[in-house]
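We have chain A; now place chain B with the ligands onto it with these hints.
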Amino acid sequence: MFWKDVDILKITFPHMGNIYIPLKTIFENLGLEVIPPPFCTRRTLELGVAYSPEFACLPLKINIGNFIEALEKGANTIIMAGGIGPCRFGYYGEVQREILKDLGFNFEMIILEPPQGHFFELLNKVKCISNKKNNSVKDIVRAIRLAWKKALLLDQLDMESFKTRPIEITRGQTDKVYNWLLQQINDIRHEDNIDNFKTKIIKAFSNIRISDKATIKVGIVGEIYTVLEPFVNLNIEKQLGELGVEVSRNIYITDWVRENLLPAFLKPKDHTKMLQLAQPFINCFIGGHGQESVAQIVNFSKKGFDGVIHLLPFTCMPEIVAKSAIPRVSQQYCIPVMTVILDEHSAETGFRTRLEAFTDMICHNKEVNDFAKVHSRN
Amino acid sequence: MKIGIPRALFYYQFYPFWKIFFESLGHNVILSSPTNKEILKKGIELCVDDACLPIKIFHGHVADLMGKVDTIYIPRIVSIEPKEYICPKFLGLPDMIRNSIPDLPCIMDTELNLYRGKSKIFDYVFKLGKDLNVNKNRVLVAYYKALKTQKQFEYQLTRELRIPQDILNETRQIQKDQVLEKKPSHIKVLLLGHNYNIYDDFISMGLIRKLRKQNIAFITSEMVVKKNILEGTKKLSKDMFWTLGKKTIGTAHYFLDRKKIDGIIHVASFGCGPDSLVGELIEKKIKRDYTIPFLSLNLDEHAGETGFNTRLEAFLDVLEGRGYIEDNFSTYG
Ligand code: SF4
Ligand code: SF4
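As they're listed, the protein sequences go chains A and B. Sequential numbering from 1 applies to the first sequence in the numbering used here. Sequential numbering from 1 applies to the second sequence in the numbering used here.
The following block holds chain A by itself, in its conformation from the complex:
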């Protein structure tokens, strides 16, 4: 097999939020060298746009940018997830391989097809990738477990930051703590050090000085990549936080891993139940997270959120179907929903204004409602 001719495997993968940390953990613990792509920048986007099909969806383009930048830094093996459709993601890897080949890069691409119930297939692939290092199954399981625990911590980190950012007294405190913890999670090498980290996160955040200012609550739903990758969603969570909004999202890293890499029986049961909320509007699975976006809007409304923002890349198929349902859902559940379509031309400036307008509208509605309530009581 190919990795016999390559002296040293230098592994890379696409960025999606913080997912690089658990991925790095897996491969490094198996003794492999990892070269993560540089964080997404303007250049990443430009490279991606220049070399991808014009009408491909945005995640594919940014992936291409990531790959090019990682290959430039010396990576020679790309790990990518596969899929069985109906959405484009399942065929990304195939197209990306062709694009990079045409650009003349020398690399191998390993596409992890979803195991469809065979967790051992995944183990096997990982074992194959790392076979030179004589890892036992036990080593592999240990590496995966450590990575999984890190993923859980990262999700917790995000959730904590959502709570404090809107009410921090000194702007930027939350980000500071966040980045500091992120670095630490990244650096953890042994499982022993991870178990008490949860409390450490909580403690670190509780040290941030906060006001008792009232916040509004906004949920974020939509296509997973745009929800998870701050570069693409123009830092929406941070921006909303700064506007005094407590955000929550429908998807976290661990959800993506569950859906894409683990067998079906490990999926949480309440998930299916949650999806049923979408049924009057979208009656079946339509690929990607289309049905889930709609279900989550209902869910957020039931949980008393003040509004929802729906994110999707331009031409994203499942989310377009979801979008058709939004006017009805929004009306029926009395929750304002703003749809944001992201593409390579999206810019942060105009975006901030839109977010402000949306939050102002929510605050205004709230006031009117509260006023009405007070009056009806008298």
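Don't take each hint at face value.
To be verified - Derived BS3-like pairs: lysine-lysine, alpha-carbon spacing no greater than 27 Å straight-line:
#: 1; chain 1: A; residue 1: Lys125; chain 2: A; residue 2: Lys101
#: 2; chain 1: A; residue 1: Lys273; chain 2: B; residue 2: Lys83
#: 3; chain 1: A; residue 1: Lys176; chain 2: A; residue 2: Lys24
#: 4; chain 1: A; residue 1: Lys101; chain 2: B; residue 2: Lys238
#: 5; chain 1: B; residue 1: Lys235; chain 2: B; residue 2: Lys287
#: 6; chain 1: A; residue 1: Lys10; chain 2: B; residue 2: Lys238
#: 7; chain 1: A; residue 1: Lys125; chain 2: B; residue 2: Lys127
#: 8; chain 1: A; residue 1: Lys101; chain 2: B; residue 2: Lys284
#: 9; chain 1: A; residue 1: Lys149; chain 2: A; residue 2: Lys125
#: 10; chain 1: B; residue 1: Lys287; chain 2: A; residue 2: Lys101
#: 11; chain 1: A; residue 1: Lys24; chain 2: A; residue 2: Lys10
#: 12; chain 1: B; residue 1: Lys259; chain 2: A; residue 2: Lys101
#: 13; chain 1: B; residue 1: Lys19; chain 2: B; residue 2: Lys213
#: 14; chain 1: B; residue 1: Lys260; chain 2: A; residue 2: Lys125
#: 15; chain 1: A; residue 1: Lys176; chain 2: A; residue 2: Lys203
#: 16; chain 1: A; residue 1: Lys176; chain 2: A; residue 2: Lys302
#: 17; chain 1: B; residue 1: Lys285; chain 2: A; residue 2: Lys101
#: 18; chain 1: B; residue 1: Lys285; chain 2: B; residue 2: Lys238
#: 19; chain 1: A; residue 1: Lys273; chain 2: B; residue 2: Lys259
#: 20; chain 1: A; residue 1: Lys125; chain 2: B; residue 2: Lys234
#: 21; chain 1: B; residue 1: Lys234; chain 2: A; residue 2: Lys101
#: 22; chain 1: A; residue 1: Lys125; chain 2: A; residue 2: Lys24
#: 23; chain 1: A; residue 1: Lys125; chain 2: B; residue 2: Lys151
#: 24; chain 1: B; residue 1: Lys120; chain 2: B; residue 2: Lys19
#: 25; chain 1: B; residue 1: Lys19; chain 2: B; residue 2: Lys145
#: 26; chain 1: A; residue 1: Lys101; chain 2: B; residue 2: Lys235
#: 27; chain 1: B; residue 1: Lys118; chain 2: B; residue 2: Lys130
#: 28; chain 1: A; residue 1: Lys273; chain 2: A; residue 2: Lys213
#: 29; chain 1: B; residue 1: Lys130; chain 2: B; residue 2: Lys120
#: 30; chain 1: A; residue 1: Lys198; chain 2: A; residue 2: Lys125
#: 31; chain 1: B; residue 1: Lys130; chain 2: B; residue 2: Lys210
In case anyone wonders, no lab produced these hints; they're calculated from the structure.
Relative to chain A, chain B with the ligands alone:
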């Protein structure tokens, strides 16, 4: 009962089946008008903004049927081949219609899902039968009758090399096509694209009409037997899970390898998910391994016919020029 069928999307693939099936069960089938400006306008108005043109047009056709029929047949077509899908928008089509069109009559949105095997077709017809309140025996009779017609239709496509438009519009005088084998001297174009785009005269801005007028012989994936398409897809490093995409790319590979064609036209809807990748793969293959003119046409509601014509003309000029030069060479060679 009057059952309305929108003359859009899989009308071009399954209409013979649907028509005979419903008629055998004693219902009237009513088609929407051929796509026209009014239908397009209605479709754009009703449909969610970001959908592709054929989906918008479908909305228009549904609107066109409203008031004329008792029920509209809008099947949820999940999959028509094992382990394959059409596209997320097909999966969610009845939902989109319900979400976007107010005051709908009753809709029959029976799910057609052959993902787990062809035999699931019976789930589909029995479900249809149940919705129409007929017993299984009658359903089976209707099914086999409809199947026969459908097979005939497919035979006409692949053996007689006719196009669905001509077969379906029985009223129109049947035009024998300028197909490859029959007129070897002609320029031969491979016309790729989803059936609901290339055969809808309005959507495709009369592409087929124009090719015929210019005496260009063409072949489409509908005219190619499945075996050949599958042969073409064998080269893919990963099996493609979109039925229409697979058909397109399989046909392209098959003909490219056999060098039977002078040029390729690929028609895609603007914003079509599968085609954004399929088109790229075909174009890359052509650029790498062949020297054959390739024209990619993107259709949306803003596309102007003049620009479309210019590009088509330019492409045909290239083809004709090439044919001429090659003729010259052979005379002297
Ligand atoms: S979910 Fe949307 S963005 Fe993701 S692959 Fe599908 S179409 Fe592209
Ligand atoms: S044109 Fe493309 S995106 Fe639109 S319905 Fe057909 S396959 Fe789906």
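* Asked: Are there hints from earlier that the structure breaks, and if so, what are their numbers?
  -> 7, 13, 14, 16, 19, 23, 28, 30, 31
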